[in-house]
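Below, each chain spelled out in residue letters.
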Amino acid sequence: MRTEEAMVDNGKPEDILSPSVSTVSSVPERGTVRNDYLQAIVDGFPLAVSVFAYGLAYGALAHTTNHLSLVQTLAMSIFVFAGASQFTVLALLHQGAAFGTIVSSALLLNARQILYGLNLGPYLRRLRPRVLAGLAHGLTDESYSVSIVATQKRELSALYFAGAGSAVFFPWLVSSAAGFLLGGLIGDPQKFGLDYAYIGAFLGLLMAQLKTRRQVLGALLAATAATLAAHWYGTSGAVLAGALISFAYGWMQRVEGVEQGQEQNEGKGQGSGHGDEESLIAKEWRNEEKSLIEKPLNEVQR
Amino acid sequence: MNGHWYYELIGATAVATYLTRFPSLFFSRFLRITPRLKQGLSYIPIGVFAAMVAPSIVLHHGSGPNPVIDWPFFAATGIAMVVAIFTKNPLWTMLSGVLAIAGLRLL
Chain A
2 MRTEEAMVDN
12 GKPEDILSPS
22 VSTVSSVPER
32 GTVRNDYLQA
42 IVDGFPLAVS
52 VFAYGLAYGA
62 LAHTTNHLSL
72 VQTLAMSIFV
82 FAGASQFTVL
92 ALLHQGAAFG
102 TIVSSALLLN
112 ARQILYGLNL
122 GPYLRRLRPR
132 VLAGLAHGLT
142 DESYSVSIVA
152 TQKRELSALY
162 FAGAGSAVFF
172 PWLVSSAAGF
182 LLGGLIGDPQ
192 KFGLDYAYIG
202 AFLGLLMAQL
212 KTRRQVLGAL
222 LAATAATLAA
232 HWYGTSGAVL
242 AGALISFAYG
252 WMQRVEGVEQ
262 GQEQNEGKGQ
272 GSGHGDEESL
282 IAKEWRNEEK
292 SLIEKPLNEV
302 QR
Chain B
989 MNGHWYYELI
999 GATAVATYLT
1009 RFPSLFFSRF
1019 LRITPRLKQG
1029 LSYIPIGVFA
1039 AMVAPSIVLH
1049 HGSGPNPVID
1059 WPFFAATGIA
1069 MVVAIFTKNP
1079 LWTMLSGVLA
1089 IAGLRLL
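Protein sequences, first through last, are from chains A and B. To convert, take the position in the first sequence, counting from 1, and add 1; that gives the numbering used here. To convert, take the position in the second sequence, counting from 1, and add 988; that gives the numbering used here.
Treat each hint with caution, since some may be false.
What the hints assert, rightly or not - For lysine to any residue, the following SDA-like pairs were computed, each having C-alpha atoms within a straight-line distance of at most 20 Å:
{"no.": "1", "chain 1": "A", "residue 1": "Lys-154", "chain 2": "A", "residue 2": "Ile-42"}
{"no.": "2", "chain 1": "B", "residue 1": "Lys-1076", "chain 2": "A", "residue 2": "Gln-153"}
{"no.": "3", "chain 1": "A", "residue 1": "Lys-154", "chain 2": "A", "residue 2": "Asp-196"}
{"no.": "4", "chain 1": "A", "residue 1": "Lys-212", "chain 2": "A", "residue 2": "Trp-252"}
{"no.": "5", "chain 1": "A", "residue 1": "Lys-212", "chain 2": "B", "residue 2": "Lys-1076"}
{"no.": "6", "chain 1": "B", "residue 1": "Lys-1076", "chain 2": "A", "residue 2": "Val-217"}
{"no.": "7", "chain 1": "A", "residue 1": "Lys-212", "chain 2": "B", "residue 2": "Phe-1074"}
{"no.": "8", "chain 1": "B", "residue 1": "Lys-1076", "chain 2": "A", "residue 2": "Arg-255"}
{"no.": "9", "chain 1": "A", "residue 1": "Lys-154", "chain 2": "B", "residue 2": "Pro-1023"}
{"no.": "10", "chain 1": "B", "residue 1": "Lys-1026", "chain 2": "A", "residue 2": "Arg-255"}
{"no.": "11", "chain 1": "A", "residue 1": "Lys-212", "chain 2": "B", "residue 2": "Leu-1087"}
{"no.": "12", "chain 1": "A", "residue 1": "Lys-154", "chain 2": "B", "residue 2": "Gln-1027"}
{"no.": "13", "chain 1": "B", "residue 1": "Lys-1026", "chain 2": "A", "residue 2": "Gln-153"}
{"no.": "14", "chain 1": "B", "residue 1": "Lys-1076", "chain 2": "A", "residue 2": "Arg-155"}
{"no.": "15", "chain 1": "A", "residue 1": "Lys-212", "chain 2": "B", "residue 2": "Gly-1066"}
{"no.": "16", "chain 1": "A", "residue 1": "Lys-212", "chain 2": "A", "residue 2": "Leu-186"}
{"no.": "17", "chain 1": "B", "residue 1": "Lys-1076", "chain 2": "B", "residue 2": "Leu-1087"}
{"no.": "18", "chain 1": "B", "residue 1": "Lys-1026", "chain 2": "A", "residue 2": "Arg-126"}
{"no.": "19", "chain 1": "B", "residue 1": "Lys-1026", "chain 2": "A", "residue 2": "Arg-155"}
{"no.": "20", "chain 1": "B", "residue 1": "Lys-1026", "chain 2": "A", "residue 2": "Val-217"}
{"no.": "21", "chain 1": "B", "residue 1": "Lys-1076", "chain 2": "A", "residue 2": "Tyr-124"}
{"no.": "22", "chain 1": "B", "residue 1": "Lys-1026", "chain 2": "A", "residue 2": "Tyr-124"}
{"no.": "23", "chain 1": "B", "residue 1": "Lys-1076", "chain 2": "A", "residue 2": "Arg-126"}
{"no.": "24", "chain 1": "B", "residue 1": "Lys-1076", "chain 2": "A", "residue 2": "Ile-42"}
{"no.": "25", "chain 1": "B", "residue 1": "Lys-1076", "chain 2": "A", "residue 2": "Trp-252"}
{"no.": "26", "chain 1": "B", "residue 1": "Lys-1026", "chain 2": "A", "residue 2": "Ile-42"}
{"no.": "27", "chain 1": "B", "residue 1": "Lys-1076", "chain 2": "A", "residue 2": "Thr-213"}
{"no.": "28", "chain 1": "B", "residue 1": "Lys-1026", "chain 2": "A", "residue 2": "Leu-174"}
In short, the hints are calculated from the structure, not lab data. Just so we're clear, the structure is a prediction, and the values are computed from it rather than from any experiment.
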């Protein structure tokens, strides 16, 4: 992986020896390889907790209701790796649904991930297709959320995206197995308030995003659309509706300047030794924006 | 569970799921992103996060077919939002919500 090597070359040796994880809020030093991966895991921790709670429920259900073997239960968690659709597969299997029905349901249920890919892809355009093809398997609600928030503070590296995926993948795997083995012993996860974990984690992410009145309004619109859609089309319909409404709302607003976070990022990219390529892209992007914004102004002045 | 049939099913489901991941991640690099499109895209996370939260709070299904209002969920969300505003930290927000709801259910 080229990015990795470049980062190792430029990372100071003392940074590698003492990777500090304390750069959560400050503008992160894009120093060492390990930092990006670890940082993603730290950022993804709240979501990992909620994923773990869900995995327990999945494993227990697969064992007690569907009578799958442990290997069958884990195979689905490894290769499909998508919470909502795994639950749906279990439910449909239980009802004796046909092969095609189950596969197409999973496809529809995960359609929202197409939107995540479109949103994140431009930040990962420097990755080789082969690397991206491998990391793509880690794209989930949670890793998307952590990664897209990270793009506001830093350049999204392959390692950060890999870390975000790992922060979800391993808890999901371990908890699927734990849920299977403990089965009925756990009882009701609701008792411990664990069903609130994922709402709480996403609420935290949402609240941290809301800085302007426009953003609050966009969130309220999306929440309304999602709630209506969820009633008829379930979770995936809700996410698609919320995302599309907020996209349309954002698209209709007057274009504001470059966002603060990205400005910092671009400035940093130009200053640091590595990533000449990326600073060029940033410059190009900014120039393009300037020209696009200034053009109409010039026309008005004339 | 019939082994062969099951693994074929998992394989097909895995391929279908992967198709919602890789192609859009890859082909979006060829999009020309205008400032307007970029601003629209920047609002997507807000919409996704709101969509993850709102329906689960408002449309809480009890034992019946119709959604019911779950007051502990509402109260816990209020507490978590206050914590979110003051700490701006997703971890504290989640923990306060989970603790609040566990506490409210004990009452």
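How the hints compare with the structure:
1. A C-alpha spacing of about 16 Å is found between Lys-154(A) and Ile-42(A), which places the hinted pair at or below 20 Å, so the restraint holds.
2. Between Lys-1076(B) and Gln-153(A), the direct Cα distance comes to roughly 15 Å. Compliance with the 20 Å bound is thereby established for this hinted pair.
3. Proposed proximity of Lys-154(A) and Asp-196(A) is contradicted: the alpha carbons are some 30 Å apart, above 20 Å.
4. Of the pairs offered as hints, the one joining Lys-212(A) and Trp-252(A) holds, with about 18 Å between alpha carbons and a cut-off of 20 Å not exceeded.
5. This hinted pair checks out: Lys-212(A) and Lys-1076(B) have alpha carbons roughly 11 Å apart, not beyond 20 Å.
6. The hinted pair formed by Lys-1076(B) and Val-217(A) meets the criterion: a straight-line CA distance of about 15 Å does not exceed 20 Å.
7. At roughly 13 Å between alpha-carbon atoms, Lys-212(A) and Phe-1074(B) fall within 20 Å of each other, so this suggested pair holds.
8. A threshold of 20 Å between alpha carbons decides the hint, and for Lys-1076(B) with Arg-255(A) the separation of about 27 Å lies outside it, so the pair is violated.
9. For the hint linking Lys-154(A) to Pro-1023(B), the alpha-carbon distance of about 19 Å falls within 20 Å, and the restraint holds.
10. This hinted pair checks out: Lys-1026(B) and Arg-255(A) have alpha carbons roughly 12 Å apart, not beyond 20 Å.
11. Restraint check for Lys-212(A) and Leu-1087(B): not satisfied, since their Cα atoms lie roughly 27 Å apart, outside the 20 Å limit.
12. At roughly 16 Å between alpha-carbon atoms, Lys-154(A) and Gln-1027(B) fall within 20 Å of each other, so this suggested pair holds.
13. Between the alpha carbons of Lys-1026(B) and Gln-153(A) the distance comes to roughly 13 Å, so the proposed pair stays at or under 20 Å and holds.
14. The suggested pairing of Lys-1076(B) with Arg-155(A) holds, with an alpha-carbon distance near 18 Å, which does not exceed 20 Å.
15. This hinted pair checks out: Lys-212(A) and Gly-1066(B) have alpha carbons roughly 19 Å apart, not beyond 20 Å.
16. For a cut-off of 20 Å, the pair hint linking Lys-212(A) to Leu-186(A) is broken: about 44 Å separates their Cα positions.
17. Note on Lys-1076(B) and Leu-1087(B): the hinted pairing holds, with a Cα-Cα distance of about 18 Å set against a maximum of 20 Å.
18. Proposed proximity of Lys-1026(B) and Arg-126(A) is supported: the alpha carbons are some 15 Å apart, at most 20 Å.
19. A threshold of 20 Å between alpha carbons decides the hint, and for Lys-1026(B) with Arg-155(A) the separation of about 17 Å falls inside it, so the pair holds.
20. Restraint check for Lys-1026(B) and Val-217(A): satisfied, since their Cα atoms lie roughly 18 Å apart, inside the 20 Å limit.
21. A distance of roughly 25 Å separates the Cα atoms of Lys-1076(B) and Tyr-124(A); the hinted pair therefore is violated under the 20 Å criterion.
22. A C-alpha spacing of about 12 Å is found between Lys-1026(B) and Tyr-124(A), which places the hinted pair at or below 20 Å, so the restraint holds.
23. Restraint check: the Cα-Cα separation between Lys-1076(B) and Arg-126(A) comes to about 30 Å, which exceeds 20 Å; the hinted pair is violated.
24. Restraint check: the Cα-Cα separation between Lys-1076(B) and Ile-42(A) comes to about 18 Å, which is no more than 20 Å; the hinted pair holds.
25. As the CA atoms of Lys-1076(B) and Trp-252(A) are separated by approximately 27 Å, the hinted pair breaks the 20 Å bound.
26. Restraint check: the Cα-Cα separation between Lys-1026(B) and Ile-42(A) comes to about 27 Å, which exceeds 20 Å; the hinted pair is violated.
27. Taken as a hint, the Lys-1076(B) and Thr-213(A) pair is honoured in the structure, with Cα atoms around 15 Å apart against an allowance of 20 Å.
28. This hinted pair does not check out: Lys-1026(B) and Leu-174(A) have alpha carbons roughly 35 Å apart, beyond 20 Å.
When held up to the earlier numbered hints, the structure conflicts with 3, 8, 11, 16, 21, 23, 25, 26 and 28 and fits the remainder.
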